[in-house]
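Chains as they are written, first to last, in my numbering: chain A, 1 to 479; chain B, 1 to 412.
Mixed in with the good hints, there may be bad ones.
[Unchecked claim] Chain A side only, calculated, beta carbon under 7 Å to chain B, not exhaustive:
| hint | residue |
| --- | --- |
| 1 | HIS18 |
| 2 | ALA42 |
| 3 | ARG46 |
| 4 | ARG51 |
| 5 | SER87 |
| 6 | SER90 |
| 7 | ARG351 |
| 8 | ALA354 |
[To be verified] Derived pair list, reagent style DSBU-like, types lysine-lysine, alpha-carbon separation capped at 35 Å:
| hint | chain 1 | residue 1 | chain 2 | residue 2 |
| --- | --- | --- | --- | --- |
| 9 | B | LYS90 | A | LYS420 |
| 10 | A | LYS332 | B | LYS193 |
| 11 | A | LYS327 | B | LYS77 |
| 12 | B | LYS200 | B | LYS210 |
| 13 | A | LYS420 | A | LYS332 |
| 14 | A | LYS386 | B | LYS210 |
| 15 | B | LYS356 | B | LYS77 |
| 16 | A | LYS274 | B | LYS193 |
[Said to hold, decoys possible] Here are some, though not all, of the chain A residues that point toward chain B, as calculated from beta-carbon distances under 7 Å:
| hint | residue |
| --- | --- |
| 17 | ASP16 |
| 18 | ASP47 |
| 19 | GLN295 |
| 20 | GLY310 |
| 21 | ASP315 |
| 22 | THR316 |
| 23 | GLU347 |
| 24 | PHE350 |
| 25 | ARG369 |
| 26 | LEU376 |
| 27 | SER382 |
| 28 | GLY385 |
| 29 | PRO402 |
Please keep in mind that the hints were generated in silico from the structure rather than gathered at the bench. C-beta atoms are modelled at their ideal positions from N, C-alpha and C, and glycine is treated no differently.
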Amino acid sequence: MIVRMSHPRNDRPRVDFHEGTLRFWNVGRDFVRKAMTGIPMAADDRDDCFRCDAVHAVALRRRLAESLAGEFDWDVVDDSFRLAFPSKESVRLRADQVEAIEAFTGADRRGLVVMPTGTGKTVVAIDLVRRFSSSTLVVVPVRDLMYQWHEKIRSATGVDAGLIGDGVHRVSPISVTTYDSAAIHMSRIGSKFRFIIFDEVHHLAGPWRSDAARMSAAEFRLGLTATLPDDPDRLSVLHELVGPTVYRQAIGDASGKTLADYHVRRITVEMSEKEAERYRELSALIQRFVHDQRQVDPSFRWEDTYKLAGQVEIDTGRATAADQALKAFRAKRRIEEHAGGKFRVLEDLFRLHAGQPVIVFTGSNVMARRISLRFLVPCLLSHCGKRERREWLEGFAAGRYPVLVANRVLDEGVDLPEVKVAIVLGGMSSRRQAIQRLGRVLRKNNRDQKAVLYEVVTEATKEIQRSRDRRRNDAYRKR
Amino acid sequence: MLRSEHCIVRYDFRRRTVHPDRLIRGRHAHYLAAMRLCLRHYRRGIGEPRQRLHRAVEETLTRLGDCPPRRTAAFCKLLDDAAEFDSDPKAAATMRQHVFTAAAPLHPIVSVREGIFEHDVQAARKIVCDSLRLTWDQIESQMFGDVIELQRLVSFDEQLDSLALLRRYNLAQTQAALYRATQVRIDARADLKTIVRHVKLARLMHRIEKSDDHPSGYRFLLDGPGSELRRTTRYGVRFAAMLPMLLACRDWSLAADLVSPRGDSMRMTLTSDDGLHSDHAAPPQHDSELEQNIETTWHRDPPSGWTMARESALLVQGQTVFTPDFVLTDEINRRRIYLEVVGYWTPEYLQAKAAKLATFRDSVGRKDRWLIMVPKGSKAEDADCLRGIEMPMVVFDKKTSPKQWIDQAFLP
Numbered sequence: 001m002i003v004r005m006s007h008p009r010n011d012r013p014r015v016d017f018h019e020g021t022l023r024f025w026n027v028g029r030d031f032v033r034k035a036m037t038g039i040p041m042a043a044d045d046r047d048d049c050f051r052c053d054a055v056h057a058v059a060l061r062r063r064l065a066e067s068l069a070g071e072f073d074w075d076v077v078d079d080s081f082r083l084a085f086p087s088k089e090s091v092r093l094r095a096d097q098v099e100a101i102e103a104f105t106g107a108d109r110r111g112l113v114v115m116p117t118g119t120g121k122t123v124v125a126i127d128l129v130r131r132f133s134s135s136t137l138v139v140v141p142v143r144d145l146m147y148q149w150h151e152k153i154r155s156a157t158g159v160d161a162g163l164i165g166d167g168v169h170r171v172s173p174i175s176v177t178t179y180d181s182a183a184i185h186m187s188r189i190g191s192k193f194r195f196i197i198f199d200e201v202h203h204l205a206g207p208w209r210s211d212a213a214r215m216s217a218a219e220f221r222l223g224l225t226a227t228l229p230d231d232p233d234r235l236s237v238l239h240e241l242v243g244p245t246v247y248r249q250a251i252g253d254a255s256g257k258t259l260a261d262y263h264v265r266r267i268t269v270e271m272s273e274k275e276a277e278r279y280r281e282l283s284a285l286i287q288r289f290v291h292d293q294r295q296v297d298p299s300f301r302w303e304d305t306y307k308l309a310g311q312v313e314i315d316t317g318r319a320t321a322a323d324q325a326l327k328a329f330r331a332k333r334r335i336e337e338h339a340g341g342k343f344r345v346l347e348d349l350f351r352l353h354a355g356q357p358v359i360v361f362t363g364s365n366v367m368a369r370r371i372s373l374r375f376l377v378p379c380l381l382s383h384c385g386k387r388e389r390r391e392w393l394e395g396f397a398a399g400r401y402p403v404l405v406a407n408r409v410l411d412e413g414v415d416l417p418e419v420k421v422a423i424v425l426g427g428m429s430s431r432r433q434a435i436q437r438l439g440r441v442l443r444k445n446n447r448d449q450k451a452v453l454y455e456v457v458t459e460a461t462k463e464i465q466r467s468r469d470r471r472r473n474d475a476y477r478k479r
Numbered sequence: 001m002l003r004s005e006h007c008i009v010r011y012d013f014r015r016r017t018v019h020p021d022r023l024i025r026g027r028h029a030h031y032l033a034a035m036r037l038c039l040r041h042y043r044r045g046i047g048e049p050r051q052r053l054h055r056a057v058e059e060t061l062t063r064l065g066d067c068p069p070r071r072t073a074a075f076c077k078l079l080d081d082a083a084e085f086d087s088d089p090k091a092a093a094t095m096r097q098h099v100f101t102a103a104a105p106l107h108p109i110v111s112v113r114e115g116i117f118e119h120d121v122q123a124a125r126k127i128v129c130d131s132l133r134l135t136w137d138q139i140e141s142q143m144f145g146d147v148i149e150l151q152r153l154v155s156f157d158e159q160l161d162s163l164a165l166l167r168r169y170n171l172a173q174t175q176a177a178l179y180r181a182t183q184v185r186i187d188a189r190a191d192l193k194t195i196v197r198h199v200k201l202a203r204l205m206h207r208i209e210k211s212d213d214h215p216s217g218y219r220f221l222l223d224g225p226g227s228e229l230r231r232t233t234r235y236g237v238r239f240a241a242m243l244p245m246l247l248a249c250r251d252w253s254l255a256a257d258l259v260s261p262r263g264d265s266m267r268m269t270l271t272s273d274d275g276l277h278s279d280h281a282a283p284p285q286h287d288s289e290l291e292q293n294i295e296t297t298w299h300r301d302p303p304s305g306w307t308m309a310r311e312s313a314l315l316v317q318g319q320t321v322f323t324p325d326f327v328l329t330d331e332i333n334r335r336r337i338y339l340e341v342v343g344y345w346t347p348e349y350l351q352a353k354a355a356k357l358a359t360f361r362d363s364v365g366r367k368d369r370w371l372i373m374v375p376k377g378s379k380a381e382d383a384d385c386l387r388g389i390e391m392p393m394v395v396f397d398k399k400t401s402p403k404q405w406i407d408q409a410f411l412p
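With the hints as extra help, turn the sequences into a complete structure.
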């Protein structure tokens with residue numbers, strides 16, 4: 001039927017889901033003003049209705065039930081999904097995990113659960129999925145994590161979860177997606193899931209990504225993270241879009257109990273004569289550029305270079321110089337990152353730890369591929385498909401591959417097999433990354449041997465400075 | 001379409017206007033020759049990895065002296081869009097697995113052997129090559145062949161010339177500017193039905209008003225469901241997707257409200273005469289031969305005082321719009337006939353048509369009338385669903401006179 005009636009067929013108050021918003025029909029302005037206080041609603045003449053974000057579904061329904069004498073139609077939830085768990089693998093939960101689960105269920109099934117990496121946030125979430133037995137959407141930061149959740153859901157419930165993202169669009173009663181895909185598709189799928197889980201919920205920031213939560217009408221909302229944002233504004237957005245902080249476990253509580261002890265060893269690499277010479281040339285070029293710019297504009301700062309490089313139409317000469325300076329800057333970074341000496345160090349560390357599984361973290365895909373090609377060991381990159389990813393992870397865990405190279409995109413939450421030796425090449429420092437990365441390396445039991453984290457940095461470059469920053473960071477501080 | 005990181009716009013903060021990057025005939029004439037070179041890089045680059053093609057384009061455009069990196073990246077994207085690259089992720093993944101499995105017992109592969117159990121690079125490569133029956137060059141070039149920048153060019157659009165490429169660039173930058181749009185206003189005076197159809201296809205919501213300054217003009221205010229709740233650029237991509245179609249229409253102007261990166265409200269304007277081109281064909285003048293015949297018959301003997309216009313009125317009910325095929329207007333007595341041609345006769349089509357006509361039956365003026373026209377010998381004539389909506393009907397053949405149509409419409 002082509003004709004879509006702009007007015008619903010009967011005169012009863014009715015709410016439906018429309019592209020991530022709720023349309024509220026057959027009610028008067030006075031009723032909305034009185035009964036819906038606190039729910040941001042707009043009168044919409046285009047559809048002759050009132051409209052609000054889908055995130056308010058629960059509140060709206062509660063208010064309606066409280067304030068309306070008669071009945072109303074609630075056409076928000078698309079409950080076409082039928083859920084069945086083919087198998088239930090029983091997992092013994094730790095006391096802190098039980099605590100987190102109870103805190104969440106006791107808090108209206110909405111809220112943030114803060115647990116350090118390595119304490120089994122996923123286990124908590126999957127247990128909740130099984131308890132609620134409702135259609136569930138899991139939102140994760142990167143594609144690698146999407147596949148990993150898919151795998152965990154399969155082993156815990158027997159369900160072959162749907163995937164939304166990375167070129168796949170299979171929407172099933174339990175589905176996994178990324179923040180970016182969720183922001184794109186939530187307008188269509190926002191009414192299909194009763195339970196929404198935001199893994200690494202601190203990624204739910206900015207107007208675009210927030211849409212992933214704002215456009216979902218899910219009743220049950222769980223946010224998982226190891227670190228809540230420091231910025232109070234960002235935190236209050238999370239509270240608004242997901243729920244209050246209902247459970248919090250500090251890193252100190254977990255370390256020693258569930259995380260292994262570890263050493264950090266820093267190894268510096270000298271640049272080769274050729275690399276150092278090129279590095280000095282590039283540095284000089286940049287210094288000359290900054291000096292020249294300060295002649296023109298004394299308040300010039302290096303950060304202004306990016307803007308300047310774009311202004312070709314306005315000032316071609318300066319823009320070209322800025323572009324060259326930026327290219328030099330990037331070339332310097334590449335020398336730091338790719339310094340040939342790192343391959344020698346890697347070789348020695350592989351020798352030293354021959355027979356032990358070793359994970360190598362790089363700062364870029366290019367470096368990961370170079371190591372993979374030089375040492376003929378698998379690298380886990382963002383372009384790897386689901387099957388290949390599983391082959392590397394399982395093969396590495398089973399000892400079929402001696403080394404696994406992973407680029408920084410895997411930093412957050414990707415579950416790597418248990419290792420005692422990890423090598424970090426030229427990463428950036430930040431508090432959150434440090435925590436996440438350590439959690440990965442230092443996971444689980446087997447306390448007879450301490451884990452080692454090697455950091456390989458290039459001498460006399462900013463990389464060393466960044467590593468120093470990181471060591472000062474509390475995530476590295478031993479107790 | 002470009003990605004937003006390719007977007008180049010100039011913001012005029014004093015006038016609060018936005019000007020997408022545009023390469024123009026006189027000032028950027030030297031780009032034509034550069035485009036020829038870039039096209040040649042791709043035409044002759046079959047078998048080359050993407051990153052090498054991009055490097056060649058980059059070198060060519062850097063030599064121009066006035067081509068910023070973003071513009072270069074945008075051209076690379078547009079050239080890639082006209083190309084096909086080889087990507088066989090399965091083959092590459094299979095090769096990787098074979099290589100790593102063959103190499104696993106050789107770990108660690110060292111540069112110089114020290115212990116008797118160690119393997120140096122050359123020896124290890126030989127073992128791997130033997131086990132895969134490939135040369136090292138083959139392995140090296142194919143092992144990461146699925147990585148985007150290493151994918152190899154398979155074919156390239158034969159037709160694309162340098163002028164067309166520049167036109168695509170100008171269009172793509174204007175589209176990219178629209179990614180930041182929160183609302184778009186279109187004032188249109190022709191091709192109304194096509195515009196409405198593409199507004200629907202782009203999944204936009206509309207407000208439609210009759211324009212005051214032009215008799216057959218309409219104003220479309222376009223945005224999306226969430227726009228009523230906050231200023232959002234969420235529907236920017238939808239505006240951009242609609243633009244190529246709009247460029248194929250006649251006689252319109254567009255004003256887009258945009259948000260600058262620092263959050264200011266800005267304005268971008270564009271008209272059908274601004275020289276942007278798209279590959280879209282102009283909308284057809286008639287939907288069918290029948291409509292054409294009806295128009296010819298009318299103009300052979302137009303009743304005095306009456307004029308005929310094709311698809312010139314929009315009837316709007318909420319988000320549903322109906323465009324009658326013809327509007328016959330009697331200017332003096334200020335009355336109109338909305339003439340709808342029912343040319344097909346599958347039962348589903350007739351049902352849908354009848355339902356739509358019924359919805360809009362009462363949304364015309366008191367003095368106005370409806371008229372359904374069906375071709376001679378069609379089953380539509382007897383269809384119950386059409387009779388059920390009680391609108392005057394005329395069976396069209398070339399001998400009927402337009403005067404009779406009008407009489408029929410105004411029968412009491």
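How the hints compare with the structure:
1. HIS18: Hint holds; HIS18(A) Cβ to chain B Cβ min 5 Å, cut 7 Å.
2. ALA42: holds, 5 Å
3. ARG46: holds, 5 Å
4. ARG51: holds, 5 Å
5. SER87: Cβ of SER87(A) sits 29 Å from chain B, so the hint is violated.
6. SER90: Interface hint status for SER90(A): violated (34 Å vs cutoff 7 Å).
7. ARG351: holds, 5 Å
8. ALA354: Result: holds, 6 Å to nearest chain B Cβ.
9. LYS90(B) - LYS420(A): At roughly 32 Å apart (the allowed maximum being 35 Å), LYS420(A) and LYS90(B) satisfy the hint.
10. LYS332(A) - LYS193(B): violated, 57 Å
11. LYS327(A) - LYS77(B): Holds: LYS327(A) and LYS77(B) sit about 20 Å apart, inside 35 Å.
12. LYS200(B) - LYS210(B): Distance of about 19 Å is within 35 Å: holds.
13. LYS420(A) - LYS332(A): holds, 32 Å
14. LYS386(A) - LYS210(B): violated, 54 Å
15. LYS356(B) - LYS77(B): It is violated: about 44 Å lies between the C-alpha atoms, which goes past 35 Å.
16. LYS274(A) - LYS193(B): violated, 67 Å
17. ASP16: violated, 11 Å
18. ASP47: holds, 6 Å
19. GLN295: violated, 22 Å
20. GLY310: holds, 6 Å
21. ASP315: violated, 11 Å
22. THR316: holds, 5 Å
23. GLU347: holds, 6 Å
24. PHE350: Given a least distance of 4 Å, the restraint on PHE350(A) holds.
25. ARG369: holds, 6 Å
26. LEU376: holds, 3 Å
27. SER382: violated, 10 Å
28. GLY385: At 6 Å from the nearest chain B Cβ, GLY385(A) passes the 7 Å test, so the hint holds.
29. PRO402: Because about 4 Å separates PRO402(A) from the closest Cβ in chain B, which is inside the 7 Å limit, the hint holds.
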